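J.: Build the full structure now, drawing on both the sequences and the hints.
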Amino acid sequence: MRMVATPDFSRRRFLFGSAAAAALLAAPGCAYMTPKPNPAATKPVEPKIDGDLVYFNWADYVDPTVFDGFQNEYGVKVIQSNFDSMESMQAKLAAGNRYDIIFPSAQWVQKLVAANQLRVIDPSTLKNAPLIFDHYPYFADPWYDQSSAHSIPFSMYKTGIAWRKDKLGETLTGSWSDLWNETSKGRTFVLDDRDEVLGMLSLLLGYELNTAATEELDVIIGKFRNLRPYLRGFSSDDYNNLLAGDAWMHQTWSGDMAALLWQAPDPSIYGFEAPKQGTPVNSDAYAIPVNAQHPGTALLFIDYMLRPENVEKNINYIGYPMPVHGTEATYDEIVADYPECTVTVEDLSRNLYFTNDSVAKTQARDAAYTEMKVGV
Amino acid sequence: MTTTTTAFPEAPPEARPERPARRERLWTWMLVPGTVWMSLFFVSALLLLIALSFGTTDALGNPRFGSTLDNIVGIFNPTYARVILRSLVYAVAASAICLLIAYPVAYAIARHGGRYKNALVALLVVPFFANYLVRMYGWQTLLSDESVVMTWLRGMGVPASFHILDTSGAVIGGLVYGYVVFMILPIYASLERMDGSLIEAGRDLYGTSLRTFFAVTVPASRSGAYAGLALVFLPAMGDFISAQLLGGPDNLMIGNLVQDKFFAGQNWPLGAALTMALMVLLLICMFAYLRQTARDAKEANR
Chain A
3 MRMVATPDFS RRRFLFGSAA AAALLAAPGC AYMTPKPNPA ATKPVEPKID
53 GDLVYFNWAD YVDPTVFDGF QNEYGVKVIQ SNFDSMESMQ AKLAAGNRYD
103 IIFPSAQWVQ KLVAANQLRV IDPSTLKNAP LIFDHYPYFA DPWYDQSSAH
153 SIPFSMYKTG IAWRKDKLGE TLTGSWSDLW NETSKGRTFV LDDRDEVLGM
203 LSLLLGYELN TAATEELDVI IGKFRNLRPY LRGFSSDDYN NLLAGDAWMH
253 QTWSGDMAAL LWQAPDPSIY GFEAPKQGTP VNSDAYAIPV NAQHPGTALL
303 FIDYMLRPEN VEKNINYIGY PMPVHGTEAT YDEIVADYPE CTVTVEDLSR
353 NLYFTNDSVA KTQARDAAYT EMKVGV
Chain B
2 MTTTTTAFPE APPEARPERP ARRERLWTWM LVPGTVWMSL FFVSALLLLI
52 ALSFGTTDAL GNPRFGSTLD NIVGIFNPTY ARVILRSLVY AVAASAICLL
102 IAYPVAYAIA RHGGRYKNAL VALLVVPFFA NYLVRMYGWQ TLLSDESVVM
152 TWLRGMGVPA SFHILDTSGA VIGGLVYGYV VFMILPIYAS LERMDGSLIE
202 AGRDLYGTSL RTFFAVTVPA SRSGAYAGLA LVFLPAMGDF ISAQLLGGPD
252 NLMIGNLVQD KFFAGQNWPL GAALTMALMV LLLICMFAYL RQTARDAKEA
302 NR
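From first to last, the protein sequence lines are chains A and B. All residue numbers for the first sequence refer to the numbering used here, where the first residue is 3 and numbers rise by one. All residue numbers for the second sequence refer to the numbering used here, where the first residue is 2 and numbers rise by one.
The hints are simulated quantities; they were obtained by calculation from the structure and are not laboratory data. All values reported here derive from a predicted model rather than from experimental measurement. We treat Cβ as the ideally placed atom computed from N, Cα and C, and that holds for glycine. Some clues are possibly wrong.
[To be verified] If the Cβ cut is set under 7 Å, some of the chain B residues that face chain A in the computed set are: (1) 61; (2) 68; (3) 71; (4) 145; (5) 146; (6) 147; (7) 168; (8) 205; (9) 209; (10) 249; (11) 250; (12) 253; (13) 260; (14) 264; (15) 266.
T.: If you want it as C-alpha cells, here you go:
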C-alpha cells in the first residue's frame, strides 16, 4: 500500500536514467561513425621552437643522450610516449591524441598521407636534409610518399635468415628454401607477421611480393603446409629466440642482428643471409601529424636528429642503418661479421616492399595467413 | 523496496510518512556508482562490440559501423571451429588439473593450517601480485631449451630432442599456473566454513575416513569447487598470453585469433564477431554452472 505514491516517481527517474545511460553508451561509439572530411593539407612551417615536443615512437629507438642534447640546446622538454605496433599507433591517432612527431613505417606513411593525416614538410627548410636526398636518390621520390613531401626517412631494414653456425654450418645456400633444413627441424621460426610470411613464400614461388590472387594464395598455403613440420613457432621476438637457444634458424629483421650481436656471449656462432630470391626492404620515417600543436619544434627536432653525430649515436644505440651520408661506416662496423645486413642503394632499388591494398585484398591475405597459422 | 516494507511491518504509514521513501532513495543512490561503472566500461563496450560485429573496415584499418553479415558468416569457418575446440580442450584440462592441485592444498590449509592459516593463504597469493604477463615471461625463460631447468633435465638423461616450451603441455601448464589460485581460494573458503565436528560425527558413526571424506567433506566443499571451476575455466578459455608465449605453431587458442584480428589483422569487425561467438559459448557454460549451483542450494535447503 505504501508503495502507491512511488511508482510515478520511479518511472520518471527510470526514464531519465535510461536516457542518460543511452547517451553515455552512445558516446564512445562516435569514433566509428563515417569520418568527417579531413582538413586540407597544411602549409609547411618553419623549423623554429613553438613549444615542447610531444614525441611518439617505438620504445628505446633514440639514444637518451640525444634527447638530453635537444632539451639543453633549445630549452624545451621532450614529452615521450611509445607504441608497440603500427596498428596501435594508428588507433591512438584515430582516437584524437595529438603528437608533434611520429615514426611510421613506409607502408603507414602511405596510408596516413592518403587519409590526409600528415603535415607537409619542406626539406629545403632542413639544413641536414641534403645528407639524405643528395646521396640516396631513392628517397627523393619514394613509392610511399610522392617527392617525400610528408616524411623524412629515419631508418632502414630488410628481412633475411639468421642461423646458428655452430649447429647448421658456416654457410647456407643463400635461398629462402634454407628454412626447410632437416638439422634445424623443430627449431626453425618464422616471423609472426602476415606480410613477411606471405612475402617470403611469394618470393620463393616467384609471385609478386604482395599477391592477393586466390589461386596464388592457395599455392602459398600449400607450400607453407609443407614447411610447417619444420617449424617451432611464429614469433617476432627473433633475437631473443636465437639467444635463448630455442631457434637455430629464424626469419629475422636485419635490424635485430645488432641486438643479438651486443647481447650474445659469443656472437660468432650466428650468421645472417639475405636470400637471393630477394629480401623485403622496409624503412621508417619521421612524420608530423596534421593536428600537431608544435610542428615547428618537430621540424627542428628532425633537423637536429639528422646531424651526423646524432645519427651515429642512434645507430650505435638501436643498431639500424640510417640513410644519412657519412654515417654508413658506423653501421658497417657494427655488422662487420654479418655484411648481408647492410641495406644498400641497390637493395632499395629492387622495389621489394609491402604495399597497401584494398580492404578486400588485405582481408583475403589475412584469412590465408590465419589458415596457415592455425594449420590442419 | 521489499526490504524496507518488511523491516517496518508494524509502522503505520502516517506516523513516519517520509522515512521509507528517503531510505529507499538512499539505497537507490548507492547503486549509482556501480551502475555507472558497469554501464560505462562493460555494457557500453559490449554493445559497441555487438554493433561492430556488423561493421566494416576502412583503408586505415579503422572500424566503421555498418550492417553487413559478412563477419557473422565469416566465423563459421572450419579453421575457427578447430581452434575453438582446441581452446575448449585446453581450458577443460587446465580446470581439471587446477582442481586436482587446489583441493589438497586448500584442504591442508583449511583443516591443518592451525594458526598459520592466514599466513599460508597470504603466501599463496603473493606470487599473484606480479602481473600474469610477467609470470609467463618468467616461465618462458625458465623452460627455454638452453635454460637452467632443461640443462639440468638433460643432465639427468632426458634426450636432447625433448623440449617443453612450444608444446601443448606448456600452454596448459601456463594456464594452470596462471589461474590455480582462483581455484584454491573458493575451495579453501568452503572448507574453512565447514564445521569440523561433522567429520567427527561421521567417524563416530563408524564411517571410514575415506567414506567420511566423500559423504561429508566433498559435499560441503562442492559449491567452492564449482565456483573455482567457473573462475578458472572462463578466463582460461579466452586466454591468449599462455599460448603466445609458451605455445608453438599447433597450440594457438581462440584468444590469439581474436587478438590477431584486432591488432595485426586490423579487422575489428571480424574480431568482434569472434568475441561474440566465444561469449555465447561461455554463457552456455555459465548457465550450466548456475543451474548446478541452484540445484545444490535447493538440495541443501531440503
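J.: All the hints need checking, so say for each whether the structure fits it.
T.: Outcome of the hint check:
1. 61: holds (5 Å)
2. 68: With a minimum Cβ separation of about 13 Å from chain A (threshold 7 Å), the hint on residue 68 of chain B is violated.
3. 71: violated (9 Å)
4. 145: Since the shortest Cβ distance to chain A is 4 Å, the answer is holds.
5. 146: Hint holds; residue 146 of chain B Cβ to chain A Cβ min 5 Å, cut 7 Å.
6. 147: This interface hint holds because 3 Å falls under the 7 Å limit.
7. 168: violated (10 Å)
8. 205: violated (52 Å)
9. 209: Cβ of residue 209 of chain B sits 50 Å from chain A, so the hint is violated.
10. 249: This hint holds: residue 249 of chain B lies near chain A, its Cβ roughly 5 Å from the closest one there, short of 7 Å.
11. 250: holds (5 Å)
12. 253: holds (6 Å)
13. 260: violated (11 Å)
14. 264: Because about 5 Å separates residue 264 of chain B from the closest Cβ in chain A, which is inside the 7 Å limit, the hint holds.
15. 266: holds (5 Å)
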